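Take the sequences, apply the hints, and build the full model.
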Amino acid sequence: MSTEWYLVLSALLFSTGAVGVLIRRSPLVILLCLELMLNSSNLALLAFSRAHGNADGQVFALVVMVVAACEVVVGLGLIVAMYRRNLPLDVDEARVLRK
Amino acid sequence: MSATTYGWLILAAPLAGSITIGAGWRKLSPQAAGILGVGAIAVSFLSALGALWALLDVPVEERQMVDSLYTYADLGGIKIDLSILVDPLAVFMALTVSGVSMLIHLYSLAYMRSDEGYRRFFAYLNFFVFSMLLLILAGNFVLLIVGWAFVGYASYALISFWYRRNTATAAGMKAFVINVVGDIGLVLAAILLLRELGSVDYLTVFDRAPQHFAVNQPTAIAICLLICVGAFAKSAQLPFHTWLADAMEGPTPVSALIHAATMVTAGVYLIARAHPLFELAPTAADIAAFVGLTTLIFAGTVALVVTDLKRIIAYSTMSQIGYMIMGVSIGAYGAGMFHLMTHAFFKALLFMAAGSIIAAMASRQNIDRMSGFARAMPFTSGLLVVGSLALAGFPPFSGFFSKDEILVFAAERGGMYWIFAIGGYVGAFLTAFYSFRIVFRVCFGDPCEEAEELIRTGLPAHGPPENPVSGEPEDVAVGFPGADHHIAEKNWEMKLAMGTLGVLALLGGLIQIPGVSHLLESFFDGSFGDSKLYTTVQVPTGTAWAGLLIGALTSLLAISLAHHLYISDRSLLARIRAESSQIHDFLAAKWYFDELLDLLIYRPLTAVGRFFDGFAERWVVGGVVGGTVAVVRRFGSLTRTAQSGYLRFYAAVLSTGTVGLGLYFLIASS
Amino acid sequence: MTVDFNAPDIDYAAISPQIALMAGICAVLLVSVLGKATNRNLVTSTSLLGLGSALGLMIWQSDRNTDLVAGALRLDGLAASAAIICIGVAIYAALLGVGEPAFFENGQSRHGEFNALLLTSVLGMVQLASAQNLVALFIALELLSIPLYVMSGFARGRRESLESGLKYLIVGSLGSATVLYGSAFIYGGSGSTDFGAIAAALGDGGLASDPLIGIGIALLTVGLAFKVSIAPFHQWTPDVYQGAPTTVTGFMAVATKVAAFAVFVRLFEVALGPAASNWQPALAALAALSILVGNLGALGQSSLKRLLGWSGVAQGGYMLVGLLVASEVGVNALIFYLAGYALMNLAAFSVIAIRERESNLGDSLSAVEGLGGERPALAWALTISMLALAGLPGTVGFFGKLYLIEAAVDGEYTWLGIVIVIGSMISLGYYLRVIAAIWMRSAPDPASLATSALGPIDGGSPEGEREASGSRLLIVPLALVAAAAVFFGILPDPLVDFAKDAGRDLIATVK
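Which chain is which? The protein sequence lines are B, Y and G, in order.
When we follow my numbering, the leftmost residue of the first sequence carries the number 32, and every step to the right adds one.
When we follow my numbering, the leftmost residue of the second sequence carries the number 44, and every step to the right adds one.
When we follow my numbering, the leftmost residue of the third sequence carries the number 3, and every step to the right adds one.
All the pointers check out, no bait thrown in.
Here are some, though not all, of the chain B residues that point toward chain G, as calculated from beta-carbon distances under 8 Å:
(1) PHE45
(2) PHE79
(3) VAL90
(4) PHE91
(5) CYS101
(6) GLY106
(7) LEU109
Here are a few chain G residues that sit away from chain Y, every Cβ distance over 10 Å (derived from the structure):
(8) TYR14
(9) CYS28
(10) LEU36
(11) GLY37
(12) SER329
(13) GLU330
(14) LEU363
Hints listed in this document are in silico derivations from the structure and should not be mistaken for laboratory results.
Fair warning: this is a prediction, and the values are worked out from it, not measured in the lab.
Even glycine gets a Cβ: it sits at the ideal position worked out from N, Cα and C.
Shown next, in the form of structure tokens:
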């Protein structure tokens, strides 16, 4: 299978993630969608790594996984803090700061 | 220490004095502020002496020293240093300015004593001296302009020193506006120089100019004329002279310091400083000389009829500066500077004497009301006579030598320059006449009421405080002149200052006597050695003495005429006045110059202004500017509306931007 | 497939600043766990010790020009200058944080957490400034950002703070994902993650017009533009600035911009330099948009932090001009501006922070009304800062803008120079409003000044209240930055030399 197909799949995943961020209102789901975007990048990295025949992309992908985990931890921490203050878990409600 | 170190010291002392007094005026007692002010200038004067001494220590050709404290800006080929140039010209000016300033500060210690703004006065005065010295010592045109503008501000602040007196604030504004016109000329000149020669440093500019400009090249003429605009505005030459007479609203020491001895001579200094440029543009130099000649005659005639004591001296100042401008423009740099120095001595002295008399007159300044002060104030009157003799060019007083040196130089150049010599002697006649008009009116005759009171009680007269010009009643609180008046007879500070100046006015001319001594001329070789005119036009001693003889006769003739008219045969004066009332009115109206300016400049401008007010203000400003503001507001609120707070909207904008950029790059790279 | 593993030769002297920061993080965490929880002075001192030694080591190493850790990082003038500014800003933030009411929760000091996060973020910045590999860039970017997300939501009791944390996290992660995806494309196009190798592939391989590279550049631009708040990727800026605790905002506003611009410069001038003609017009459009949007948005703001957020958008646009002309003059102008920007913004944010603690008016414009009469020292600092941001002569901002305009004209982007001037003119409309409020209005009702910003329930504490008076200590560093903003406006030379040092090695690489 040529690299193009992996790229197409990766682009589809990335777009799905992006659309998810745009249309979902729950911060949890948005976090998931962000993960999807990061992982679509991973897919692209791995595909390129194979195509070029060097390991740079694979190392990059491993690093991304760690970073993604950190992001999720912080995100969940914030969501828990909001939940404990009884703030609505809806990003459209979070608009005290505007104009 | 090197001459440049002294140069920085000259500047540092008055600046420190001004800042200390200005910042600490709440804590300082008035006495302390005054002593600080005088002390700062004394340090400056001593440093100037040090600089002179250091300069004389080096060979003539090395007497141009530049020292840069730091580079202020260095961008795109423009390099601006905070640098000073110490050369004979600068040191000479610094000595004159700091020396006379020191004496005037001393005089002010007593003269301003009862004023509420005593500390403010010394802070301003020190700031002025700093600015003036900065102007003198600047090593490039940028710093010169800074000093130039500071001096303009200081003059404004000091003219309007009694800020609750409406006439004073109006005069201050007038002076400031006209000075700013001059500043603009100077700035434009500096920009042109930078564009043409790629530098604003004096020495670089003067070095490159002869290669770059052909003689009388239009650009060179334009630069010189722009410099002249600056010089004329500061030195009150036609047609920028109208502010100087009004500037007499300031306290008398200010008139003595700024509007006689120092600031107004800045234009003379500037032309002397820029002489390599003027020699490349002889046309501009000739124009400047003609302006000087016209001013000297014009102001001399006006001084014949004005009755306000200080204004007479102010017109005399314009006239004398006319001599100097003429001198430095025709190439008599040394003579011009020589006259600048002697003039500083005797004119400051005259103002101080006038101040003392005005104090005795309870602030009234009309000479028609004054008479017989010789007995009431012998010291003041004596020095008034000394100052007048020097001004009238009576031998062997200082003005006698310095004025004639300019005129014989003009005669020696010959050709059309004879006009300057002849005109100068005519002016000298006028000068001697009006200066003795003051003496005969003020000192001689029966004592007037105030003089009588002074003789009887030993105390200066006191009246209700009023504005000497408009006669409005005034207060004596802050912003108005103080309650008490101080006369030289009762204050040693004033006596000391006036006495010193009297000696200088008497003997100052002796440093340069044709065939006997030429101290100044050889000293100035370091600055003007490169000038063709200065080195080639040598006045033979015989010619010089002939000139002196003519000068002495002119002066004697004018003084005796004045004596005849004002003392011996007063009926003749009345007859002349009656028969030539038109001329008198013409002169008293200052040749209708203010009216002419009003007609030629002010009215057309206001008409244009009204037009713009009606048309432009409504359509252009109201429409375009107002429209722009509205558009800016509209977009501002649009931007803020986009800031809806919706997180998903932000993400959408971000994504749209990404897609847009991605498309752009796809197209750009294909 | 066998992989030979050779441990890279590590130049410990050159990475000693990073080691010092790491040691600092551990020490701060240990001290805050082992020591008394409320002992914020001890924690802050520890943190300052770590930052101070990192700063010292960085200055010691600042004349190096070398690859580190197998070429992942590079220590050169740019990296050193950016690191020095960032660490300096962090030291300032640590001092500012001592009395920050948001760092107390139920009477408990949370300075340990704050300082650990601060140091981590600074570590990320130091690495980002020296990253010369896409992997290192990504790691450093996240190392910098994730602590900032937490710090923005630090005042857990305040809805605004949580909201700003969440917003920053989500939009920031979106930005990171974009950077990552862009990196993947660049890697795919050029076959390497190393900046030098990418430049070689773009230059010699003629790949500059490869669509993969094109999309990669676009995505990387978005990600970095997001970090330096360039419109239209700026919208998080005002919200997050306003919601985050002021100490954090001050740190974030300045240090992030410095580090992100440093890597922006390195990535675009070194790695993507051969494709400059592609990205220059795009960046020029973004710069112009940013200048206009930022300045327009700032008009009519009544929250000072928001106002500075918008102004940051505009200032980012100015600085982008220095980057996009891709010349030595441009880089020098950019670094000069960044250094000046740090000075002026720190002054402004500390005045806001101090006023926030003294009055209960928060960061609104009315908190500084009448400051001229009440607290002349604060008033002068804020005035200087506003004048410098507006770029008035006599302040460092003037020379900064002058150099940027010169760079624009020099790089044949004269129209951007004009946009800068127009932007500055619009900006007077809001900077002068602040100055007018300081000097021309009378002080608000003293009753509103009496108490601390937040009650205990809102995340403030009696401890914070007591500390409000401790803000006097801040006057010294505040006076220093304000004085420096004026000093470099009169004597720009030292800062110009600093900026030239920063640009020297980079330019040598490009040429």
